[in-house]
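Q: The task is simple: from the sequences and hints, build the whole structure.
Chains as they are written, first to last, in our numbering: chain U, 1 to 178; chain Z, 179 to 372.
Hint data in this document are derived by calculation from the structure and do not stem from the laboratory. No false leads were mixed into what you were given.
Some chain U residues flagged as far from chain Z (calculated, every beta-carbon gap over 10 Å):
no. : residue
1   : Trp81
2   : Trp87
3   : Lys110
4   : Lys124
5   : Gln130
6   : Leu159
If you want the footprint, here are the derived chain U segments under chain Z, 3+ residues with CB under 8 Å:
no. : stretch
7   : 3 to 11
8   : 44 to 53
9   : 67 to 73
Note that beta-carbon positions come from the ideal geometry of N, C-alpha and C, so glycine has one too.
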Amino acid sequence: MLKHLNDYEIQELLDKNYAAVPAEKRAHFDTCQHCQQALQNYKILSGHLGQEKGFALPLNFADSVIQNIKIQTQQEEKANWLEISVWILGLGGAIGVSIYSLGWSNVLGKFQNYLIFFESIIEKNVAVFQKLIQNLNINLMAIGAAGFVLIVVMSFDYLWGRFKRKVGPFISGNLKLL
Amino acid sequence: MKPKIIDNQTLVKQILSGDQQAFRIFIETYQRLVAHIVFRMIPTTADREDLCQDIFLKAYQHLASFQFESKLSTWLGRIAYNTCINFLEKKRVQLWGDLSEENDSLDQFTGTEIAPDTFTEKRDISNRLLQEIEKLPLPYRTILTLYHLEEMSYQEIGEIMQLPEGTVKSYLFRARKKLKDQLMTQYHQEALSC
Numbered sequence: 001m002l003k004h005l006n007d008y009e010i011q012e013l014l015d016k017n018y019a020a021v022p023a024e025k026r027a028h029f030d031t032c033q034h035c036q037q038a039l040q041n042y043k044i045l046s047g048h049l050g051q052e053k054g055f056a057l058p059l060n061f062a063d064s065v066i067q068n069i070k071i072q073t074q075q076e077e078k079a080n081w082l083e084i085s086v087w088i089l090g091l092g093g094a095i096g097v098s099i100y101s102l103g104w105s106n107v108l109g110k111f112q113n114y115l116i117f118f119e120s121i122i123e124k125n126v127a128v129f130q131k132l133i134q135n136l137n138i139n140l141m142a143i144g145a146a147g148f149v150l151i152v153v154m155s156f157d158y159l160w161g162r163f164k165r166k167v168g169p170f171i172s173g174n175l176k177l178l
Numbered sequence: 179m180k181p182k183i184i185d186n187q188t189l190v191k192q193i194l195s196g197d198q199q200a201f202r203i204f205i206e207t208y209q210r211l212v213a214h215i216v217f218r219m220i221p222t223t224a225d226r227e228d229l230c231q232d233i234f235l236k237a238y239q240h241l242a243s244f245q246f247e248s249k250l251s252t253w254l255g256r257i258a259y260n261t262c263i264n265f266l267e268k269k270r271v272q273l274w275g276d277l278s279e280e281n282d283s284l285d286q287f288t289g290t291e292i293a294p295d296t297f298t299e300k301r302d303i304s305n306r307l308l309q310e311i312e313k314l315p316l317p318y319r320t321i322l323t324l325y326h327l328e329e330m331s332y333q334e335i336g337e338i339m340q341l342p343e344g345t346v347k348s349y350l351f352r353a354r355k356k357l358k359d360q361l362m363t364q365y366h367q368e369a370l371s372c
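A: Put into structure tokens, the structure is as follows:
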């Protein structure tokens, strides 16, 4: 007499995956009360698993999610403004304290000196660079064009990245994130 | 109120363009799936609703990156599953439990069966079943829920839980066997004590 179906095979029958059970085992199943009973018990279990009431969220769940997103967005916006304000205040304060402690004319004089200093550095470097380019016989226009294209591509990539990340504002709720 | 039927691509497009009503439909369509995953995985009642909120917030924030390479339900299910796993890890809950195959082999003869009538007669089977499900390891519980309540395929469950299809099937079979054996044992004991 053929052995009963094992648990794996009974569950394959439960999931209607008949091909996974060998033909002779299926033939045995048709005549074996024990195997049929085993499948029936699995069917009862499966029925109860499928009928489980499940879990319900409150009726106003969607409303509360949308409300929370709005609140969070407002908080993020406030935080962003706060951060920008602190930066501006800090920078303004630092400049103000420097001017106050050094004196306006002194600062202006120092600033002019710095400008002259930087100008001389730039002039020197440009001269060196021009000499280098002349020696290498490189077309400056070509380099400029390539740089321009690179900047355009990078800007486009940055803006596209921002656009893709951005989720637009809700029309009726003025809601936006990111 | 039943959510309106819109195809997912249109729905996502509308949400991304800022349509609040579309996002409401999205929530109402998928809140059952999210609730099933969260309520099955998270034991503490107080945390469940907050986590569901968190999941929809994450979905909203990352919707623009959804590429339609999988079903929207699978994508959201994965967010829900990962959010619950992260939450449980923070709470230091043992995630995988005992998944050893010891005393759990499916290759064996099905064992003693009780008559299906006797099995059905037990009116409290649903309550007992719930209790027994709670005792199962986390992956078993989640797979049972996704397969039987959400009627998902092995492939979809595998995508959500990041498990191979074969593993999903094996865990499902073992979970059902465990449940059936536990319930049978209880009824046998009751029959003997009568």
